[in-house]
Structures are given as C-alpha cells and as structure tokens.
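As given, the protein sequences belong to chains A and B, one line each in that order.
Heads up: the first sequence at position 417 corresponds to 417 in the working numbering, and the numbers run straight through without jumps.
Heads up: the second sequence at position 382 corresponds to 382 in the working numbering, and the numbers run straight through without jumps.
There's no promise every hint is true.
Unchecked claim - Within a straight-line C-alpha distance of at most 25 Å, the following computed SDA-like cross-link-like pairs (lysine to any residue) qualify:
#, chain 1, residue 1, chain 2, residue 2
1, B, Lys339, A, Gly390
2, B, Lys339, B, Asp187
3, A, Lys339, B, Lys339
4, B, Lys339, A, Val64
5, B, Lys469, A, Asp190
6, A, Lys339, B, Arg499
7, A, Lys339, A, Leu361
8, A, Lys469, B, Gly360
9, B, Lys339, A, Glu62
10, A, Lys339, B, Leu71
11, A, Lys339, B, Ala362
12, B, Lys339, A, Tyr409
13, B, Lys469, A, Leu361
14, A, Lys469, B, Ala362
15, B, Lys339, A, Ala69
16, B, Lys469, A, Lys469
17, A, Lys469, B, Pro359
18, A, Lys469, A, Arg456
19, A, Lys339, B, Ala69
20, A, Lys469, B, Ala69
21, B, Lys469, B, Arg499
22, B, Lys469, A, Thr58
As the list claims (entries may be wrong) - Here are a few chain B residues that sit away from chain A, every Cβ distance over 12 Å (derived from the structure):
#, residue
23, Asp275
24, Glu285
25, Arg502
Honestly, the hints are just simulated from the structure, not real lab data.
This structure is a prediction, so every number in the text was calculated from the model and none was measured.
We put the beta carbon where it would ideally sit given N, CA and C, even for glycine.
Number of protein chains: 2
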Amino acid sequence: MMSEASETVSEDLSAARDRIAAAYEPRLLEEAGHRLAGLLASHLARAERSENAVLPWTEPPEAVRQAAALLRDSPARGEGVPDGFARLVTGMLDRGLNLHDPRYLGHQVPASVPLAGLFDAVGSVTNQVMAIYEMGPWATAVELAMIQELGTTIGWAPGAFAGSVTHGGSLANLTGLLTARNVALHDGWDRGLSGGGATPVLLAHAEAHYSVARAAGILGLGSRQTLRVGLDSRGRMDPRRLDEELTRVRAQGRPVVAVVACACATPTGAFDPLDDIAEVCRRHEVWLHVDAAHGGAALLSDRHRHLLSGLEKADSVVWDAHKMLFVPGLCAFVLYREKEHGFDAFRQDAPYLFDPAAPGLAEYDSGVRTLECTKRAAAFGLWGVWSLFGRQLFADMVDVTFALGRAFYDKLEEADDFAALHEPQCNILVFRYVPAELREAPAERLGDFQLELRRRLIESGEFYIVPSKYEGVGALRVTIINPLTTPTHLDQLMDALRRHGRESLNG
Amino acid sequence: MMSEASETVSEDLSAARDRIAAAYEPRLLEEAGHRLAGLLASHLARAERSENAVLPWTEPPEAVRQAAALLRDSPARGEGVPDGFARLVTGMLDRGLNLHDPRYLGHQVPASVPLAGLFDAVGSVTNQVMAIYEMGPWATAVELAMIQELGTTIGWAPGAFAGSVTHGGSLANLTGLLTARNVALHDGWDRGLSGGGATPVLLAHAEAHYSVARAAGILGLGSRQTLRVGLDSRGRMDPRRLDEELTRVRAQGRPVVAVVACACATPTGAFDPLDDIAEVCRRHEVWLHVDAAHGGAALLSDRHRHLLSGLEKADSVVWDAHKMLFVPGLCAFVLYREKEHGFDAFRQDAPYLFDPAAPGLAEYDSGVRTLECTKRAAAFGLWGVWSLFGRQLFADMVDVTFALGRAFYDKLEEADDFAALHEPQCNILVFRYVPAELREAPAERLGDFQLELRRRLIESGEFYIVPSKYEGVGALRVTIINPLTTPTHLDQLMDALRRHGRESLNG
Chain A
1 MMSEASETVS EDLSAARDRI AAAYEPRLLE EAGHRLAGLL ASHLARAERS
51 ENAVLPWTEP PEAVRQAAAL LRDSPARGEG VPDGFARLVT GMLDRGLNLH
101 DPRYLGHQVP ASVPLAGLFD AVGSVTNQVM AIYEMGPWAT AVELAMIQEL
151 GTTIGWAPGA FAGSVTHGGS LANLTGLLTA RNVALHDGWD RGLSGGGATP
201 VLLAHAEAHY SVARAAGILG LGSRQTLRVG LDSRGRMDPR RLDEELTRVR
251 AQGRPVVAVV ACACATPTGA FDPLDDIAEV CRRHEVWLHV DAAHGGAALL
301 SDRHRHLLSG LEKADSVVWD AHKMLFVPGL CAFVLYREKE HGFDAFRQDA
351 PYLFDPAAPG LAEYDSGVRT LECTKRAAAF GLWGVWSLFG RQLFADMVDV
401 TFALGRAFYD KLEEADDFAA LHEPQCNILV FRYVPAELRE APAERLGDFQ
451 LELRRRLIES GEFYIVPSKY EGVGALRVTI INPLTTPTHL DQLMDALRRH
501 GRESLNG
Chain B
1 MMSEASETVS EDLSAARDRI AAAYEPRLLE EAGHRLAGLL ASHLARAERS
51 ENAVLPWTEP PEAVRQAAAL LRDSPARGEG VPDGFARLVT GMLDRGLNLH
101 DPRYLGHQVP ASVPLAGLFD AVGSVTNQVM AIYEMGPWAT AVELAMIQEL
151 GTTIGWAPGA FAGSVTHGGS LANLTGLLTA RNVALHDGWD RGLSGGGATP
201 VLLAHAEAHY SVARAAGILG LGSRQTLRVG LDSRGRMDPR RLDEELTRVR
251 AQGRPVVAVV ACACATPTGA FDPLDDIAEV CRRHEVWLHV DAAHGGAALL
301 SDRHRHLLSG LEKADSVVWD AHKMLFVPGL CAFVLYREKE HGFDAFRQDA
351 PYLFDPAAPG LAEYDSGVRT LECTKRAAAF GLWGVWSLFG RQLFADMVDV
401 TFALGRAFYD KLEEADDFAA LHEPQCNILV FRYVPAELRE APAERLGDFQ
451 LELRRRLIES GEFYIVPSKY EGVGALRVTI INPLTTPTHL DQLMDALRRH
501 GRESLNG
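Just chain A, with the same shape it has in the complex:
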C-alpha cells in the first residue's frame, strides 16, 4: 500500500523513528511519573517542616550558567533516562523558591494546594489546549463551569454574564480594558486610535497595579493618560474625588474608557468602597472595571464577603485563581456582567476558527475571547481542587490567612521596635522594623535600612518577605499566603528581623 517515495523516507529515518519511539514510550512515562511522585512528596514534606532555606540564593549569572551546562551535557552521561530525569528534577527542586515553607510570606503568589499541580499535569502531559472547542473539549467545559461558579458567586444570574480565563492578572486587566476601549471608542479596533479628537482617558485608583498604566501603554491610550484618583485615609479610592475627576474630564470633552477600582489594591490591600464607586460610575455612564485579582476570593468567606459589596455592579471584574484561590500560576478570570461584552474584546473575523458546518459551536470557542488564541487548559487545577475538596477549603484559606494578617498587626502594635503602617484589611501588611538606634533617623535612612535588612533576611534563607514603599519611604511587606503559616512563625519573623537588623547596624 505504501508508495515507493514514502518507503524510502521511512528507511532513511528509521533511526530517528526509533529514538522518537523511545522518548514516547508509555512505560518511560510511568517510571518517570512514579519517581516524580516520590521526589515531589519528599520535597514538600521538607518544605512544610522548614528543613531547607526558603530561598536557596544563587547569583543569577551562576544559575544561568548551571542551567545552560545541564542543557548540554546529556549525551556525555551513561545513565538511563529515568535516572537522568530524576537527577534533573532533583536539581529543579533544590534550586527553586520554597513557597510551601511556612516562612514564605512573599508576593501575592500562594503556597498552592499541591494536588492542583497534579490536575494541571493531566493537561500538560496530554497537551490539552483551547482555542476551538474540539481541541480541548473538556478544558473548555471545565473553564465554562468555573466561570459560571465564580460569576454566580459574585451575585450575577446564571446565563446573564460571560467570562474567560487568561494567563494572569495583567493580561486579565488588559483584556477587560481592551473591551472597555472597544465599547467606548467604537471604531478604534478597526481604524486605530490615531487621528483627531480629544484624548481618551482612564481613571484609576491612585495605587492601582502597574498593569493598569501598562495596559494603557499597550492599548495605544498612553500610560500617561491614566489619571490617578485620590484615596481616603485607609488607602481606598475616594468616591467623592472620583466624582469630581469625572465631572472635570467630561467638561473637557475627553472620552472616558473606564474607571478602575481595586479590591484590593496591591500596596496595602485596601478594598475600595465599590457600592459608592459604582453609583458614581452609573451617574456618569462610565464603564467600571474592578481589579479583584487578590480580593475576589473573599466572596467565598462568610466573615469577609462584605469587603466586596457592590462588586456585582461592575462591568468587568478580574479575579486571579492563582492568588487567593491557592492554585498554581497562571489562572486569571475576566468576568463581564453583561454576556454580550464577552465578545467585545476582539472584534475580528477569524473565519478558520469557525466551522460553517457547525456554526452553533462558535460560542464555545475560547479563541475569540482571549488574547492567547491557543491557550493551555489553565483551569484544571482550580476545577480539580474545587471538585475534590469543595468550596469550604477556599473559605478556610481566606479566613486563616486574613486572620493571620490581623494577628501580625496585633503583634507589631504590641512591640516597641516595630511599626505597622496601616491596619490590615486582609492578609497584606506593610511595616517597618525600627530599633531604638533609628527612632530619630531621617526617613530615607530608615527606608534604606528596611531594604538592606530584607535582602540580608532573604539571602539567609530564613524567611521570604518583600520590599515596599510607604509614603515614598522604604518598608517591609508581607502577604500571608501560605495557609500553613502560624502565629509562631510570625513571632520568629520578628526575631529574625531583630537579629539581622542588629547585625546590619553592627556590621
């Protein structure tokens, strides 16, 4: 049956085919999978017991040199493939940041539920992707089921809203604001933004995440056209000032693309008063985009749901599952209150994505709604954990980590040598270590000291916390986003800061 040409090809390439078959051998996958299970579990156990450094510090050029060397020495080794696999995995585990160590108190990236990563691995090994329904039928079903679950949790009626998943909060903000731009500037998508007319503008919480101004830069609006709305004493957008700004901008005849509120804002975790802000936006007929990347999860907690009152009035909402829903990065939801806006981000004919032989399927083709076109099955981890443990686990993780934020604040307030810089509204807290010697120091000296202290601390491997600024002066910041952290770890953090602080002052 084979043609002569293809038989010749087969012969030429038989060695290549053998090498490929060996790499795709199911028994190899099985053996490597078992080795991986053992390595991951023992690594997790050591991390949870704080047996290793939180951050195994290596200077970046040295780390790159090591990665490049490993990339090139495979043929030189005589080991079998499973042994080589285990050696490489061990090296990866030894050199990564240990987020599951309860002394990790870092960026808004969680110690994720370990099994979430295994659910994601089902998608990775079988390479389930989305764009059109056929390519990832179950990935699509899972994503749409999660969108329904989160949208109804916001308070929207089933079937009335839309959404999609994208690779992170920054892309989610970009998607939501692109939709708002397309709605506000009708022919901007096709024709472009150049040409006459008043310059469009975004209004945002003065300390909105940098991805908002960045989105304005990407979208051709201009990063400088993001006007910053002033905050109240607790770091929340002031609805009165928003009203004034909108009135002023409207009087100038400038089109308003959107108002961006935060729930919560990155620097101190402040939740904007969404009910009042939504009312101002309604009066001015402006699109309200809420960046609830971090705080959206509070909706799942009976104790903290009130922080998001009014979220249901937003036109678009960003909610990162890879923050306070404790799944690995990246899995960010963009949700639209009105279903028809789900298709407004990309006003484009992509004929080969639609199958004229089955036109009803287009609604299930994610490629028309996301920046990625082809997209990995990013919601498997969230769906799996939710299906396995139920929504109670998410409520628990919000309650525990938010309570730790409060507990840490109380400890700092009780101590003479620490200063909490705000009351926490969630699990984010900005503070300083202020030993007696520095109590009278100039602000800049005190701020620089915090940053030096932090670098000493993280390079020691004892704790991981992040640098910040408060009122322009250097500070320390924690996000308590490992639910295995306890109040005792927070005491130890304070002690470690005192110890490193003394060394820094003496050295």
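Fit chain B to the known structure of chain A by using the hints.
Leaving out everything else, chain B in the frame of chain A:
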C-alpha cells in the same frame, strides 16, 4: 508568646486549619502522584495504540453540564481523597482530545513529548513563577539558558541578543509588534496614539496569522491598518511587491511600524524568502518581524535549515516551542537580534519590581520584558526534554514529520480521487477529497462537501484533521505533528475519507 487576639483567632479557626493541613499533606501528594503516573501511562499506551476515539465527541452544553455537576457533588461522596482524585483524573482523560493517537493530524499543536509535561509539573506543584528573579530563580535561569540556545541556533552571537518567553504565539507576535511600535513611534507608549499625523501602518504577508491583524487592533494601530503584501505562486511573500508597497507607503508619509514575514505561514506552511525580504527591509530601514512560530524548529534539522536562511537578519523573531519543539502549550519565544530591544516593549517604571538594595538584579527580572508580569515557569518542559534527550530528538521530530508531509503529498498525487492543493514545504498540507460524482461540481458545493466530510470524520473519532479554505473554497488540512504517525496511518486516513464521503453522498 502569642497575643490574646491571635490565640482567639487560632481557636476559632482550628477546624479550618485541620482541613487545610489535610489538603496539604505530603503523603496525599505522594499517593495521588503515584495514582496519576499509572493513569497517565495507561492512557498514553491506549492512545498510541489507537484504542480509543481520537476525539471523544460530546456536545458542548452537555460537557459543561458534566463539569459543573462534578464541581458540586464532592461532599456527597463517601470516598477517600485519593480515590476521588483518581476518579476525577480518569474523567479528564476520558473526555480530552487524544493528541498522542497517531490518527491525530490536527492543528499546529503537537503530540508533545510526554516527559515534558512532567517537567512542567515540577513547576506547577511547587508553584514556581517569574516576574522578579527571587520568585523563580531556577525558572529564570532555565528560560535565559533556553533563550541563549535558541538565539545562537538562529546564528546570533552569544550575549548580543535578547528574548523572553510568553504564553503563545499570539502574545509573542503582540510583544514583538509592541516593541516595533515603541521603536517606530517614540512617544506612543506615554502619550498614546491619538492626535494628529499620518496613520501608522503594518505590512504583513497576505496570509499572516490572524494574531497579526489582531495585534494591530489591540495596539491601537487599527486592524485595518495592516496592509497585506501579495504572494508568489507558492504562497510566499513576494519581495518585489513588498518593495513596491513600502515605496508607496513611504511616499504617503505614513510611519511603518514593521514588516511581518512568515516562516512558515499558517494556511499552507509556506516559508517566505527571508534573505530577500530582509534586504528590502534594510533598504527601507524598516523593522522586520518574522513569525517563525511553526517553522523555527527547522533550524535544528540539517535537511531543512535552508528554509530559514536570512532569519538571522530579522529584528524580532517568534518561535513557539509548543509547536514543532513538541512541548505542551504554552511556551513561545520572542527573540530580538539586538539586545537593547529586549527592554523596549514596556517603557515603564515599576519601582517595586526593582530592589534598590540590589540594582544589578533587574536584568534578571522577567516582569519588565513580558506581557504577563507574573508568569508561570513555561520553559521547564522544553529545558527538561532538551537536557534529557539532547537536541538530536528535535531534529528527528522535524525530519520525520516533514517527511510525512511529503509522503502524504505523494499519496494524494497518485490517487485519482484526491487533490493536493500545493506542494508541501513542511508538515502542513491542504487537500480535497474529490470523488467521481463531484469532479464537475461547482466550487462551492465541493468546498461545503469537504467541511461536512470533516465533521463526520472527527465526530466518528477515527481521525482528527482540520477545515481550511484554499482560494476561498472549503478544503481539508493536516498538520502531521504527531511523530508516531506513519505512512500507513495516512493510507487509512484516505480510506476513512472515502468511506465517510460515500456515506455522506448516499445519505
């Protein structure tokens, strides 16, 4: 040592803490990991032996209903967590597309090397992300090592170029074109594109991927401002016509953001003549962006490297590892010939990403170079497979799949009832089944028949191929991107099309 307040908190939440500890138990991860290894391996074995449907077809609303139901019934079951995990994973495997079935001949998404998914799982379970070096030190090292490897493979000198990894070819094209826009329109990032002046323009291969016009829409340039440069008889951008278009556009005083060439173009896999195109761009002093998402991998093959001659002259290059480097989605490289352009996409101060206490580290912070800000460790799969099997495996996979493209063409040419619509330049081929009854049919009837035939075929679960258009008329398309496919499978595909075609004509 604990304050009273935090002790109260601890007591209130002790049940929550217990539930969390159970979910984070290392022994649970170990047991689930072993179950996963077995399930994945037996699924892979069945897929490679074609024991299941390639696509287990379910109508989308029914699939969403199933996913939503599973999401909600966990508390009702009495099973243990490992059993629940295995049940959910089995359901995921049963409902996904089986790309490892050699009868999968679908979109430009590969039957990935299975172990690549396990390397990715190391990142998912331990939640390694990037943005700043500290958060994903090894993820950063691996990404930079891969960038060095791919850039030198293009022919650039070590250290002279730059790059980053993003979530897919569409975002990679968006990133490269954003860089080109920022270089061409100096104050566009800050000030925005509105205001006077001639409308900027992109010039692209007439059949460039739809993400190019989409990028123009997103970036505020306007999707309609993408001018399509005509092709030669083999579907390649014609350098002479490019020269004419550039001369015409320049005469109008319109700023040219970039020329977009393809290596290869999506529809038929045509490789543009990059040497000649680069020479035209050099003369007109225009940024050359090459979408080598699919074809970049040919650089690794001695037989096919010539297709990319001239790629080294491009200003920016997109190369998707999740296409012809056979790793799972998504892992796309954007590479810049000149190192300084690596920072031009995002002209932004993001002060809290930079640590003034260690300014030298900023070069290793990926967040300043990618759309995502926080980004998953997307290069682990590629780095792992490359380190384990060496670069020969990638050359093998290119050679085998490209040869199959040629073999399929030969088979179609030999058959009376099939028409290949172009000679293949790689592993992409567009064709039609033309039974005797339809030889004289109007083009539209013949085209519609192809699309109906394909839908029948894929819903039968026997093969997976995709719909296309050729000269405006419906057609069939394969990308031979499972290296386990053999010439025999291609014979079987032709037989299956004949059988379903007859049924369609008779029914």
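Hints, one by one, checked against the model:
Proposed proximity of Lys339/B and Gly390/A is contradicted: the alpha carbons are some 48 Å apart, above 25 Å. The suggested pairing of Lys339/B with Asp187/B holds, with an alpha-carbon distance near 21 Å, which does not exceed 25 Å. Between the alpha carbons of Lys339/A and Lys339/B the distance comes to roughly 43 Å, so the proposed pair goes past 25 Å and is violated. Distance hint between Lys339/B and Val64/A is fulfilled; the C-alpha atoms sit about 17 Å from each other, no more than 25 Å.
Pair hint Lys469/B plus Asp190/A holds up; C-alpha atoms about 24 Å apart against a cutoff of 25 Å. The hinted pair formed by Lys339/A and Arg499/B fails the criterion: a straight-line CA distance of about 42 Å is larger than 25 Å. Distance restraint check for Lys339/A and Leu361/A: the Cα-Cα separation of roughly 17 Å lies within the 25 Å cut-off, and the hinted pair is therefore satisfied. Restraint check for Lys469/A and Gly360/B: the C-alpha separation of about 20 Å stays at or below 25 Å, so the hint holds.
Of the supplied pair hints, the one linking Lys339/B and Glu62/A holds, its CA atoms being roughly 20 Å apart against a limit of 25 Å. At roughly 22 Å between alpha-carbon atoms, Lys339/A and Leu71/B fall within 25 Å of each other, so this suggested pair holds. A hinted pair counts as satisfied when its Cα atoms are at most 25 Å apart, and Lys339/A with Ala362/B does not qualify at roughly 41 Å. In summary, the hint linking Lys339/B to Tyr409/A is not supported, as the alpha carbons are separated by about 45 Å, beyond the 25 Å threshold.
Between Lys469/B and Leu361/A, the direct Cα distance comes to roughly 19 Å. Compliance with the 25 Å bound is thereby established for this hinted pair. Taken as a hint, the Lys469/A and Ala362/B pair is honoured in the structure, with Cα atoms around 18 Å apart against an allowance of 25 Å. Straight-line distance between C-alpha atoms of Lys339/B and Ala69/A comes to about 22 Å, which keeps the hinted pair within the 25 Å bound. This hinted pair does not check out: Lys469/B and Lys469/A have alpha carbons roughly 56 Å apart, beyond 25 Å.
Distance hint between Lys469/A and Pro359/B is fulfilled; the C-alpha atoms sit about 16 Å from each other, no more than 25 Å. Restraint check: the Cα-Cα separation between Lys469/A and Arg456/A comes to about 18 Å, which is no more than 25 Å; the hinted pair holds. A hinted pair counts as satisfied when its Cα atoms are at most 25 Å apart, and Lys339/A with Ala69/B qualifies at roughly 22 Å. For the given pair, Lys469/A sits about 46 Å from Ala69/B by alpha-carbon distance, which is inconsistent with the 25 Å threshold.
Restraint check: the Cα-Cα separation between Lys469/B and Arg499/B comes to about 22 Å, which is no more than 25 Å; the hinted pair holds. Taking the CA atoms of Lys469/B and Thr58/A, the gap is near 53 Å; set against the 25 Å cutoff, the hint is violated. For Asp275/B, the shortest C-beta to C-beta distance to chain A comes to about 28 Å, beyond the 12 Å cut-off, and the non-interface label holds. Against the 12 Å criterion, Glu285/B stays outside the reach of chain A, whose nearest CB is about 21 Å from its own CB.
Taking the minimum C-beta to C-beta distance to chain A, about 18 Å, the non-interface status of Arg502/B holds against the 12 Å cut.
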